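So the protein sequences, as listed, match chains A and B. One gets this note's numbering by counting positions in the first sequence from 1 and adding 4 to each. One gets this note's numbering by counting positions in the second sequence from 1 and adding 39 to each.
If you are wondering where the hints come from, they were derived from the structure by calculation, not from laboratory data. Hints should not be assumed to be uniformly reliable.
[Claimed, not checked] As a list, the in silico DSS-like pairs of lysine-lysine whose alpha-carbon atoms are at most 27 Å apart: (1) Lys500(A) - Lys490(A); (2) Lys440(A) - Lys470(A); (3) Lys429(A) - Lys190(B); (4) Lys440(A) - Lys429(A); (5) Lys87(B) - Lys470(A); (6) Lys59(B) - Lys266(A); (7) Lys301(B) - Lys440(A); (8) Lys271(A) - Lys59(B); (9) Lys87(B) - Lys431(A); (10) Lys44(B) - Lys440(A); (11) Lys265(A) - Lys301(B); (12) Lys132(B) - Lys423(A); (13) Lys275(A) - Lys132(B); (14) Lys316(B) - Lys44(B); (15) Lys59(B) - Lys470(A); (16) Lys209(A) - Lys187(A); (17) Lys265(A) - Lys185(A); (18) Lys187(A) - Lys139(A); (19) Lys44(B) - Lys59(B); (20) Lys429(A) - Lys87(B); (21) Lys423(A) - Lys87(B); (22) Lys103(A) - Lys209(A); (23) Lys56(B) - Lys431(A); (24) Lys490(A) - Lys429(A); (25) Lys470(A) - Lys56(B); (26) Lys59(B) - Lys440(A).
[Said to hold, decoys possible] Covered stretches of chain A, as calculated for chain B (at least 3 residues, CB under 8 Å): (27) 217-225; (28) 247-260; (29) 282-294; (30) 414-423; (31) 442-454; (32) 460-467; (33) 572-585.
[To be verified] Chain B is faced by these chain A residues, among others (derived, beta-carbon under 8 Å): (34) Tyr267; (35) Arg268; (36) Lys271; (37) Ala276; (38) Ala279; (39) Trp298; (40) His360.
Bear in mind that the values here come from a model prediction, so they are computed numbers and not experimental data. For each residue, glycine too, the CB sits at the ideal point set by N, CA and C.
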Amino acid sequence: MSPTDLAAQEQRKTADKQRVVNDFSIQVATVNGSGSQTANMVLLRSILMMGVPVSGKNMFPSNIAGLPTWYTIRASKRGYIARRKEVDFLVAMNAETAKEDVLTLEPGAAVVYDEPLKLSGLRNDVVFYAVPFDKLVGSVCPDAKLRRLVRNMIYDGILARLLGIELSLMERALAKQMGKKAKAVAMNVGALKAGFDYAQTTFTKHDPYAIEPMNETAGKILIEGNAAAAIGCMMAGVTVVAWYPITPSSSLCESLIGYMKKYRIDKETGKATFAVVQAEDEIASLGMVIGASWAGARSMTATAGPGISLMGEFAGLAYYAETPAVIFDVQRVGPSTGLPTRTAQGDLLQAAFLSHGDTKHIMLMPATVEESYTMAMQAFDLAELFQTPVFVMMDLDLGMNNWMSDAFTYPTGPINRGKRLTAEKLKELGEWGRYKDVDGDGIPYRTVPGDNLPAYFTRGSGHNAKGQYSERPDDYVENMDRLARKFDTARAHVPKPVVQLNPEARIGFIGFGTSHFAIEESRDQLVEETRVETSYFRLRGYPFNEDLPAFVDAHERIYIIEQNRDAQMRQLMKLELSPERVSKLRSVLHYSGLPIDARSITDDVLAQEGFEVAKKTVSRVSAGSAGGE
Amino acid sequence: MAPIKVNRIGLEPQVYKGGKTTLCAGCGHNSISERIIDAFYEMGVDPKQVVKLSGIGCSSKSPAYFLGSSHGFNAVHGRMPSVGTGAMIANQKLIAIGISGDGDTGAIGIGQFVHLMRRNLPIIYIIEDNGCYGLTKGQFSPTADVGSTLKTGVVNDLPPIDTCALAVQLGATFVGRSFSGDKKQLLSLLKAALAHRGTVMLDVISPCVTFNDHEGSTKSYAYAKEHDDPVEDMTFVPFFEDISVDYEPGSLQEVTMHDGSKLLLKKLEEDYDPTDKLNAMKRLHESARRGEFATGLIYIEPDRDDFLTQLNIVDEPLAGLPLARTRPGPEALEEIMEGLR
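Construct the complete structure from the given sequences, taking the supplied hints into account.
As structure tokens, this is what we get:
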């Protein structure tokens, strides 16, 4: 038996006797389309208002109504906001999955369930609370048509009572969620109270879970990564947006439209300082972005893997003709349609080399909502500075889930519009060539239509330094070498890695994007449970810089943690590291479609390090559910 | 020394020329390039404000052969409309001319073509239509007529796409067809196109001398000359010229363009009203049934808002807005943050 296993068992044993305060996860199982999102957000926000660090993750089907969906909320006094595999408190509202949801719980868990589901006979090692939801909703909502909308709010009331969340905070969270719809707020408050009162008069608490006030969330915000990126785009001064709806990226452009309509309308004329076009497909989206950038606008699109596939040809054109483009890839599970509503980091190789011929692209990898905001701004600077596509590699977990964060700070300093030729510069240079490397950094000067400076003919076909059509071998090689030089220049400009070097550590972790939170928690688990020390290199940009080989050199073994099957980041690193360094690389791979969790990392690393680890448990949602198109 | 000839904005004809053509001698596309040069010179368009766009193919090479001092973008196959759309949104002061081919539009580019027409983006979109893929040595394109043959004798079994009928149906506001050999008609159409605000779609039959100018082709010079079916006799009067035309009452239709220019349309053997959509579709189909092709101004809708107007963007080009106008102030960010707490 392994140390981790022992620790986990020990924890469970004591949990039966002791209260578990601000350190557990709640899972709400409902049918999608039943309006549970408001109830879940109110629960999440009220815990945040209690001052307790919290995170929420939505695991939903690719469907509009009728299929199972789960929402997990994790309260963590230590501030862990990664997904937790184990469920401590289940709210079972979905007849289809209730039985299996209960059977997969660990001993000691608690279940609030819809009375007709008759779940209490299933096990005797979990605590059950039966709630007659239909009866309760009938008394607070006389209009049968509206009951569906408030029914779920009852479980919030029940949980408020059972977990000790202040009802007044829930009411505040509800008001925040619903805005100015007074009638709807009143009806939902009624449902909240009905649940609370029912729990108060009916239940004696037998489970150990409780929320108690802390002071860890003052000033914090709750936001989805897509909305955070949208704010960044607006603050970057984006003017042309072209997009095609695709999960999980749609809410990025939709949030952006919302913000821009509010903050980017010219006060005097009532006209927009931006344009958003819903294109006919992702090919056209990128075509529009390229056209707009070519004409001098800050322009962007957002998509997911299938859209990236379609953009391949245009991405190569933008690389070779050297036009800026900002492309957000909110990654989901592929290949093909894959699992469109589940998360992955599976587009790395595709984005890095998108298009035919020798093509390579800059990638930024935000891990947090705050970085989604700041890197959105950086992406525009880099795209214009390097006159090339820049991919912001987000994922569904980051983009569509609500994350607790410090408030974003207002950007300071000017934006970088890159090397635009001016009349003065032209005078200084004497002669201008569109693709001439004047400064030795591979970055040429450009002009845009309408600027009254020398024009040029932009083309994806072979061209020389003056931008003239050329099939001469020397011209081709010279141009391609300059493009490679430009890419090398970018190494020093993409966001630097965040490195935590631990002098005690023989092994180093490399991670990026949303794996960050699970990695941090796993590092704590490794120290606390097995005294395994680790260093951590959080990658934030591609191409890599000199920090990467230095980090590899400082450790005996490197674990590259990523959310895909084929170790895509490791493959990218293999292309640049020496064979000795490559031999140190190992992988921790997670690709179930669910956000990566700390326990999976810890167990995987310990197994590879030669510890004996208990057989992996498969968490409920990944165990399989029916899905629709 | 004779005074140098200049146009109304003081530019010489030379300014409107481009690089030396690399297309085949006798290619219809070269004639179209010449008419474009004439039209832009005569209308006094500032080449610095023009963007030339194209896809891929012989047609799409031609922007290199006119307006050498304008910016050009030879994009990817069939996707020029999206690049043009982006450029025009970025800077609505620009004048866009896109050159495509029958394959570039009718096959790989049909999706983007359809949506360009729907949006009524201000752009002059020209299809240099020769019914075949010249650059890949003469395969049929989607505008080839049923029964027409390749040089090798292969017969085309599929019905053609009538890009004019499609454009009329989809919402283009200026649709015309012409023949590269008809200098007068093509020049009038191009000048009128420059006076129009909205999508101009011109399908110009432009024979491929190398691969599709034989007997059996319906896109040859000989066939085009014999089967040209003009719907009206057109005179374009630009807003800056004061010309009066004598005509018999009832024989002429006058259309006022966006910039104040006028189109005088003299009726030929039958009544034709290019502002009537149903009539336009009917006439296109009737000519096609006779094995002819209707030419001239097929359809015009001078008053509809173009795409950029619908977007309600500020008057200045978006591309040139300073950061002060595109980055909301700190109070905006604070308001957003407060809403998220």
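Results for each hint:
1. Lys500(A) - Lys490(A): Status holds; Cα separation ~18 Å.
2. Lys440(A) - Lys470(A): holds, 7 Å
3. Lys429(A) - Lys190(B): violated, 54 Å
4. Lys440(A) - Lys429(A): holds, 14 Å
5. Lys87(B) - Lys470(A): Given pair Lys87(B), Lys470(A) holds - Cα atoms ~19 Å apart, limit 27 Å.
6. Lys59(B) - Lys266(A): violated, 51 Å
7. Lys301(B) - Lys440(A): Roughly 46 Å between the alpha carbons, so the hint for Lys301(B) and Lys440(A) is violated.
8. Lys271(A) - Lys59(B): violated, 50 Å
9. Lys87(B) - Lys431(A): holds, 19 Å
10. Lys44(B) - Lys440(A): violated, 36 Å
11. Lys265(A) - Lys301(B): violated, 39 Å
12. Lys132(B) - Lys423(A): holds, 23 Å
13. Lys275(A) - Lys132(B): With a Cα-Cα distance of about 16 Å, the restraint between Lys275(A) and Lys132(B) holds, given a limit of 27 Å.
14. Lys316(B) - Lys44(B): violated, 41 Å
15. Lys59(B) - Lys470(A): Holds, at about 17 Å.
16. Lys209(A) - Lys187(A): violated, 33 Å
17. Lys265(A) - Lys185(A): holds, 21 Å
18. Lys187(A) - Lys139(A): holds, 21 Å
19. Lys44(B) - Lys59(B): holds, 22 Å
20. Lys429(A) - Lys87(B): Judged against 27 Å, a Cα distance of about 19 Å means the pair holds.
21. Lys423(A) - Lys87(B): holds, 20 Å
22. Lys103(A) - Lys209(A): With a Cα-Cα distance of about 22 Å, the restraint between Lys103(A) and Lys209(A) holds, given a limit of 27 Å.
23. Lys56(B) - Lys431(A): Distance of about 26 Å is within 27 Å: holds.
24. Lys490(A) - Lys429(A): holds, 20 Å
25. Lys470(A) - Lys56(B): holds, 19 Å
26. Lys59(B) - Lys440(A): holds, 24 Å
27. 217-225: Satisfied; 3 residues make the cut.
28. 247-260: violated (count 0)
29. 282-294: holds (count 11)
30. 414-423: Coverage by chain B holds for the stretch 414-423 of chain A (4 residues, Cβ < 8 Å).
31. 442-454: With 4 residues in contact (Cβ-Cβ under 8 Å with chain B), the coverage given for the stretch 442-454 of chain A holds.
32. 460-467: holds (count 6)
33. 572-585: violated (count 0)
34. Tyr267: holds, 4 Å
35. Arg268: holds, 7 Å
36. Lys271: violated, 10 Å
37. Ala276: Status holds, d = 5 Å.
38. Ala279: holds, 5 Å
39. Trp298: holds, 6 Å
40. His360: violated, 11 Å
The structure shown violates the earlier hints numbered 3, 6, 7, 8, 10, 11, 14, 16, 28, 33, 36 and 40.
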